[in-house]
Amino acid sequence: MELIILNVLNGVSFGAILFLLCSGLSLTFGVMGILNLSHGALYMVGAYVGWSIAVHQGLNFWLAVLAGGLVAGLLGLIMERGFFRHLHGMINEQVLLTFGFIYILTNLCLWIWGGVPKAPYTAPSFSGSFDIVGDWTYSKARLVVTGIGIVLAAVLWFFQEKTRIGAIIRAGMDNKEMTIGLGINYGLVATFVFILGCFIAGAAGVIGASLFGVTLDLGMSILLLALVVVVVGGKGSVQGALVGGILIGLIISFGKALFPQISTFLVYLVMIVILLIKPSGIMGKKVQDR
Amino acid sequence: MITVKRLYRPAIFASYGPYMIGLAIFLIVPPFLPMYVQSIITKVAVFAIFAMSLDLIMGYTGLLSLGHAAFFGVGGYMAAILIKNFEITNFWIVAPISIVVAALFAAVLGLIALRVTGIYFLLVTFALSMLLASIALKWNYVNGIYGMAGIMRPDLGLAGFRLNHIKFYYFVFLILILCYFLMYRVVNSPFGHALRGIRESESRMRALGYNTWLYKYITFIIAGLFAGVGGVLFTYQSGVIAPQHLGVTVSTLAMLICIIGGIGTLWGPFVGALVIILLEYFSSINAPERWPLILGGVFVIAVMFLKGGIAFHLKKLWNKMFLNGSFKG
Amino acid sequence: MEALRAEKLSKDFGGVQAVRDISFQVQRGEHLAIIGPNGAGKTTLFSLLGGQITPTTGRVFFERKDITALAPHRRVHWGIARTFQIVNLFSGLTVLENIMLAFQGTKPSRFQLMRHAMSYGKLFVKVEKLLTTMGMWDRKDEFVHALSYGEQRKLEIALSLATEPKILLLDEPSCGLTGAESAEITGMINNLESDITVIFVAHDMDLVFGVAQRIIVLHYGEIIVEGTPDDIKNNTKVREIYMGYQGRAKR
Chain A
0 MELIILNVLN GVSFGAILFL LCSGLSLTFG VMGILNLSHG ALYMVGAYVG
50 WSIAVHQGLN FWLAVLAGGL VAGLLGLIME RGFFRHLHGM INEQVLLTFG
100 FIYILTNLCL WIWGGVPKAP YTAPSFSGSF DIVGDWTYSK ARLVVTGIGI
150 VLAAVLWFFQ EKTRIGAIIR AGMDNKEMTI GLGINYGLVA TFVFILGCFI
200 AGAAGVIGAS LFGVTLDLGM SILLLALVVV VVGGKGSVQG ALVGGILIGL
250 IISFGKALFP QISTFLVYLV MIVILLIKPS GIMGKKVQDR
Chain B
0 MITVKRLYRP AIFASYGPYM IGLAIFLIVP PFLPMYVQSI ITKVAVFAIF
50 AMSLDLIMGY TGLLSLGHAA FFGVGGYMAA ILIKNFEITN FWIVAPISIV
100 VAALFAAVLG LIALRVTGIY FLLVTFALSM LLASIALKWN YVNGIYGMAG
150 IMRPDLGLAG FRLNHIKFYY FVFLILILCY FLMYRVVNSP FGHALRGIRE
200 SESRMRALGY NTWLYKYITF IIAGLFAGVG GVLFTYQSGV IAPQHLGVTV
250 STLAMLICII GGIGTLWGPF VGALVIILLE YFSSINAPER WPLILGGVFV
300 IAVMFLKGGI AFHLKKLWNK MFLNGSFKG
Chain C
0 MEALRAEKLS KDFGGVQAVR DISFQVQRGE HLAIIGPNGA GKTTLFSLLG
50 GQITPTTGRV FFERKDITAL APHRRVHWGI ARTFQIVNLF SGLTVLENIM
100 LAFQGTKPSR FQLMRHAMSY GKLFVKVEKL LTTMGMWDRK DEFVHALSYG
150 EQRKLEIALS LATEPKILLL DEPSCGLTGA ESAEITGMIN NLESDITVIF
200 VAHDMDLVFG VAQRIIVLHY GEIIVEGTPD DIKNNTKVRE IYMGYQGRAK
250 R
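Protein chains in written order, with numbering that gives the first Met the number 0: chain A, 0 to 289; chain B, 0 to 328; chain C, 0 to 250.
Derived from the structure by calculation, the hints contain no laboratory data.
Any given hint could be a false lead.
[Unchecked claim] Pairs of lysine to any residue residues, derived as SDA-like cross-links and limited to a Cα-Cα distance of at most 25 Å, are as follows:
#1 A/277 / C/70
#2 C/165 / B/210
#3 B/315 / C/115
#4 C/125 / B/27
[Claimed, not checked] Far from chain B, by Cβ distances over 12 Å, these chain C residues were calculated:
#5 1
#6 26
#7 96
#8 155
#9 175
#10 234
Where a beta carbon is used, it is the ideal one built from N, C-alpha and C, also for glycine.
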């Protein structure tokens, strides 16, 4: 019983973290139709930038979060303005390009920060852990990350449901041509969303550094997690990303406890099953066939 | 129909010239090259086969697969398992079994992947190949994360006929020509034309009486089969097959080779493989640390500036010189 | 002889009934027009006949055989071909390749893997004949995206003719064409072999009255009037709908 409670707790908090990782990807995928495979690489860049500021320079942790987000957002601006807008509707090329960015960003990080992984870091006040049930402890950093995930979910939900830009985004996902026809500068909104998504990825890199550390293979491993969550939750929906994140979080934590050998295998299996049953995701709208 | 022949077979040299010159270079020059360069161009031939097979589904049918390496890897692993775990050395037993197994995998995975379309097809193929990679990673029978190493060049079953470097090159090149020929026949057949139709408009193809799903499924299997050929030869050529060869990195490498060479042509992937593998080689000499950066740069250049690929531009140039600029496609 | 019969066809789209209880039948060789204001369910009805969507209730018969559940590509083999309101061609291929694909679609050789697609001499003769009657033979090597809009519309019809159909479903064949081009389409349909049944949807009244032997008027997914062109011309209900519709459009 304790094991179940602990795993549920772990799973939910892990889910919140996954939400943090994938919300940006989900937004850009949903709004622009661009599947940004370099999302994980942006996360990694954020984690490295945050390390430089919070650990190397010893500055404030929240400053590091901001800096990580800004650098990733800037990279996103370059990607969108410099490349993606010239590849409108060319899915093949877009996917390939974002994969090229993974190579470039990973190698640049290697160049700047070296190949030795950095230890996990967080704000000094978040380190350590506290007791819960019996001799099980729970790390404070994990709780903080979970909290940030929930706050972000609330903010994004508010943004998408209650603001004008959010309304344009929802309209655009329903019918892009019509939205543009109404005289709305959808391109600008899309750019904004893309940069916002990249910003979240970079900031998430710093916030999640306490759990995932800072290594060069983050680019791929985070991408895989984020993709799975987006597929399960459905693209472009905040609620979907949250539900998908928690579901995958539960699967991973139970999977690790019960079948440690095949937990990654399980994640892919879930992804495939969802894609086959309902490609638009659990919370997504049904896609029109034929 | 004589008129048909005249319409579609212009002067032999003008239309086949570039192929003949290319063929001549790759047949005559290699023996005079240093041994390591010979093994590099062998690798070019291997990746050309693999990329061509991807081009069947990507360039001709218009399906974006991010998991094509699955069949490359399965072919390679099967060969390695037969050689290492079953101690079968005869190439003529190892290769056919491995290729058939790769095609069988394609037949099964195709049933799953072809239930969805568009970007979801990309995601399913991606997940399926990563699924296989994650199995290979944990499976001790195939040596887990380390992969299977120490595989020798093939033994062709004739007494004392274990291939040396240059003979192995010619052997692989011969298989490349054979694969090219077969795929050439496929893409120019009514079946191949139907694939292009599906790429252009699947709904229209259905309205013309084509069972488009079946076409896509058969093509997926054919592409898996040739990817398996590439995988088997890769295992022999490099001596290693490891979990990452099943994964997304190798799939995107093949995609890049196709795009840089020119998708929707068969010799484009060959040109692409030549460019990429040679670049990798020069980078490994001059700046091994920076290879991913260069590769990423090539991705960007290929996508942004090489619309249609090198093959397209070469052909345009050739036609300008020998066909008085009358240029189609 | 009965060519096609619809029996109480209905189609729901998430609670909205696009087509309601439609029954009609067409004789072989007949030219039937389906008209009605935008949103009357004409294209939905067409997709039900062509098999692109399946009806919620009701059945479709082709020469007295039930084809309600038959996949669209199978219907083509039975002899039902359709065109699309929005031009749906293989724009990256040449005119010749487009037509070859269309001819090959109903032949067993469509699965042939090894023989060159352009080596089918008999088909080629047919292609030449069809394109010549269409007046497009000299355009055969053009890419479709390089054709004018009028030529694309003609090719749209040529593709469905190439499947050698018994029933031709034409969805707005003259949509967006000039008067002269539209007259050309009218002539083309009237010159079809007499045993080909034509069912078509159109807004262009010159085309409707120039081609149709019988007209069905759809409104809000239901058949409100059915009759000869003269009946329809003098029908007050039809006038009301069209006048009302035009009145709305002006506002």
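(message) Output the indices of the hints that this structure fails to meet, ascending.
(response) 4, 7 and 8
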